[in-house]
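Here the protein sequences come in this chain order: L and D.
Oh and the first sequence: position 105 is 105 in full-length UniProt numbering, straight run, nothing missing.
Oh and the second sequence: position 109 is 109 in full-length UniProt numbering, straight run, nothing missing.
Rather than coming from a laboratory, the hints here were simulated on the basis of the structure.
Predicted model only: the values in this text are computed from it and were never measured.
One should not assume that every hint holds.
Identical chains share a label here; the pair holds if one copy fits it or two copies do between them.
Said to hold, decoys possible - DSSO-like, lysine-lysine: derived pairs with alpha carbons at most 27 Å apart: (1) K29 / K69; (2) K48 / K14; (3) K262 / K110; (4) K262 / K34; (5) K129 / K192; (6) K166 / K29; (7) K40 / K276; (8) K48 / K286; (9) K19 / K34.
Number of protein chains: 2
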Amino acid sequence: MQIHPMWNDFPSLKEDLPKVIQLIDQHIKIRDTKIRSTLKEVVHAGGKLLRPAYSLLCHEIGPEKNKEKAIAIAAALETLHMATLIHDDVIDDAATRRGQATLQKLHDNKFAIYAGDYLFSMSFTILSKYSNSLSHLEYNSRSMEKILIGELNQLHSRFQSPNSVKSYLSRISGKTAQLFAVSCYTGAVESKATRRQARNAWNMGHYIGMAFQIIDDILDYQGDKETIGKPVMADVQQGVYTLPLIYAMQGSRPLLEPILAKDRPFNDDDLAIISKAIAEQNGIEKASKLAELYINKALKELSKLPDGDYKETLYDLTNQMLKRTT
Amino acid sequence: MQIHPMWNDFPSLKEDLPKVIQLIDQHIKIRDTKIRSTLKEVVHAGGKLLRPAYSLLCHEIGPEKNKEKAIAIAAALETLHMATLIHDDVIDDAATRRGQATLQKLHDNKFAIYAGDYLFSMSFTILSKYSNSLSHLEYNSRSMEKILIGELNQLHSRFQSPNSVKSYLSRISGKTAQLFAVSCYTGAVESKATRRQARNAWNMGHYIGMAFQIIDDILDYQGDKETIGKPVMADVQQGVYTLPLIYAMQGSRPLLEPILAKDRPFNDDDLAIISKAIAEQNGIEKASKLAELYINKALKELSKLPDGDYKETLYDLTNQMLKRTT
Chain L
1 MQIHPMWNDF PSLKEDLPKV IQLIDQHIKI RDTKIRSTLK EVVHAGGKLL
51 RPAYSLLCHE IGPEKNKEKA IAIAAALETL HMATLIHDDV IDDAATRRGQ
101 ATLQKLHDNK FAIYAGDYLF SMSFTILSKY SNSLSHLEYN SRSMEKILIG
151 ELNQLHSRFQ SPNSVKSYLS RISGKTAQLF AVSCYTGAVE SKATRRQARN
201 AWNMGHYIGM AFQIIDDILD YQGDKETIGK PVMADVQQGV YTLPLIYAMQ
251 GSRPLLEPIL AKDRPFNDDD LAIISKAIAE QNGIEKASKL AELYINKALK
301 ELSKLPDGDY KETLYDLTNQ MLKRTT
Chain D
1 MQIHPMWNDF PSLKEDLPKV IQLIDQHIKI RDTKIRSTLK EVVHAGGKLL
51 RPAYSLLCHE IGPEKNKEKA IAIAAALETL HMATLIHDDV IDDAATRRGQ
101 ATLQKLHDNK FAIYAGDYLF SMSFTILSKY SNSLSHLEYN SRSMEKILIG
151 ELNQLHSRFQ SPNSVKSYLS RISGKTAQLF AVSCYTGAVE SKATRRQARN
201 AWNMGHYIGM AFQIIDDILD YQGDKETIGK PVMADVQQGV YTLPLIYAMQ
251 GSRPLLEPIL AKDRPFNDDD LAIISKAIAE QNGIEKASKL AELYINKALK
301 ELSKLPDGDY KETLYDLTNQ MLKRTT
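With the hints as extra help, turn the sequences into a complete structure.
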């Protein structure tokens with residue numbers, strides 16, 4: 001099975017992550033061959049598998065190592081992530097995700113809604129089958145609620161004038177950081193890590209998630225169709241105002257506000273004005289600085305965890321995030 | 001709190017069902033007041049609460065009566081049902097559900113997708129908080145998967161020429177009967193009913209669900225906007241071919257096939273032809289007979305359960321289903 005080339009540098013994950021995908025694949029039990037193969041395509045679409053990777057690594061924190069269980073939990077988390085991606089695609093009506101035509105463009109939004117729901121249920125099936133206790137499961141479903149509140153908030157704030165860094169951070173905290181935090185936490189807890197270690201893992205995951213989303217939002221202003229798998233400046237087109245733009249607004253509000261009030265899609269001139277304002281106000285640099293700050297907070301939490309190979313790997317992986325271009 | 005007037009005849013349910021709604025209401029913890037109140041409106045929209053009612057009644061089967069737990073499980077089941085309704089509405093693009101403007105028409109489909117997801121997560125939170133064991137939870141999430149496979153199948157079969165009664169029954173078995181079966185089963189199991197009793201409860205629920213959906217599908221051909229809360233012949237407009245039409249096809253295929261191949265929406269003439277064909281082929285009567293058969297199978301399962309007031313109530317409630325007009 002082909003996984004993202006980034007894992008070539010991490011042998012243990014290169015071995016385990018395909019097992020995560022395989023387990024998800026095996027859980028798809030649908031008689032209809034067309035529906036089944038469509039869902040399996042989604043599962044094999046080649047995401048980066050960062051959440052399961054962090055979960056697997058954090059399963060090395062505690063004394064109880066159970067590879068089968070660790071892989072199952074990682075699979076449940078990735079399935080949850082896939083479910084939210086599918087629904088996000090319907091909502092964004094994005095033409096492509098990960099460089100491929102999205103599910104809903106192929107089989108329409110309707111299919112994508114139930115397909116997301118199906119993966120959602122599957123994630124809970126896998127968790128309840130392998131998890132240690134009901135309280136962990138409650139924890140997971142509560143976290144999922146928070147993620148969806150984050151999504152609802154983001155939806156609700158679309159096309160509202162970008163206001164403050166604080167509200168942006170609170171939004172991505174629910175939307176992205178939560179699932180990274182849960183991934184690290186669940187991996188740790190199921191290995192019977194101490195409460196303090198589990199808390200460190202949670203915090204580390206939270207900070208990594210914050211940095212990840214900020215960098216993702218930066219890339220939306222930077223990348224091009226070849227290097228990142230989605231169209232550039234998709235967020236602003238969809239009324240999602242992220243950190244670089246929020247920084248730009250702080251200095252160029254009179255210029256930007258009338259542009260943002262226009263009907264979508266923006267034309268190239270409008271997009272150029274927005275880009276220029278962000279460049280003039282150092283929006284990308286400021287956002288990058290904040291991402292770096294979160295990475296450093298994450299590394300500080302990491303430093304409190306017990307030594308071991310996994311810790312080196314977590315260190316490398318997390319540092320690498322700052323350099324990512326896709 | 002106002003619940004459906006049908007419960008006036010069932011005092012214990014009239015007392016308990018508002019508590020189910022209240023518990024769901026209490027679990028909605030969203031800071032944004034607009035999002036919160038929109039979701040609470042959905043919760044209080046006044047569904048019939050049949051699934052929680054059956055679950056509460058089946059909690060009387062076993063020796064361990066825990067009203068608080070029974071209400072929580074009923075709440076989880078109704079929350080799951082609400083989540084699927086919200087997503088069904090997006091998919092049907094139905095203008096009204098339960099006589100009110102649907103969520104997605106008010107706040108667009110996007111909101112409805114995440115709102116459904118949120119309720120979905122909430123249902124698992126409630127279940128994991130109150131359920132006896134992980135294996136019950138695994139059971140519930142697997143059932144949910146089956147429900148969604150049923151939905152995906154129905155979606156996939158839309159606009160395909162209505163073929164056989166058998167495939168229709170298999171479709172509604174996944175889509176509707178599964179959740180009725182789970183409701184009865186979970187209620188029974190959490191009261192520590194015997195395995196055999198739990199099996200009887202499951203079967204009863206399954207048969208009730210089959211009858212319920214057949215009658216629902218009949219009403220779509222019969223009702224009018226005043227008595228049932230959705231537009232008449234909505235199913236056929238949306239390419240969902242249900243039992244009355246399948247029976248009509250058995251005798252009037254040459255007449256109906258060219259009509260069904262037309263673009264939607266149908267005009268009144270087309271709808272009149274479809275109605276006439278169903279009447280001529282006794283589609284409604286035949287479907288009603290099958291619903292009655294399922295009710296009788298349900299009552300047979302019921303007769304095997306221990307005596308008690310709950311049993312009388314289950315008998316009355318299930319019999320009443322055949323007479324429902326909304």
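Hints and how they fare:
no. : hint        : in the structure
1   : K29 / K69   : within (20 Å within a copy, 31 Å between copies)
2   : K48 / K14   : within (11 Å within a copy, 52 Å between copies)
3   : K262 / K110 : between (29 Å within a copy, 21 Å between copies)
4   : K262 / K34  : between (42 Å within a copy, 25 Å between copies)
5   : K129 / K192 : both (18 Å within a copy, 21 Å between copies)
6   : K166 / K29  : between (43 Å within a copy, 21 Å between copies)
7   : K40 / K276  : neither (42 Å within a copy, 44 Å between copies)
8   : K48 / K286  : within (26 Å within a copy, 54 Å between copies)
9   : K19 / K34   : within (24 Å within a copy, 43 Å between copies)
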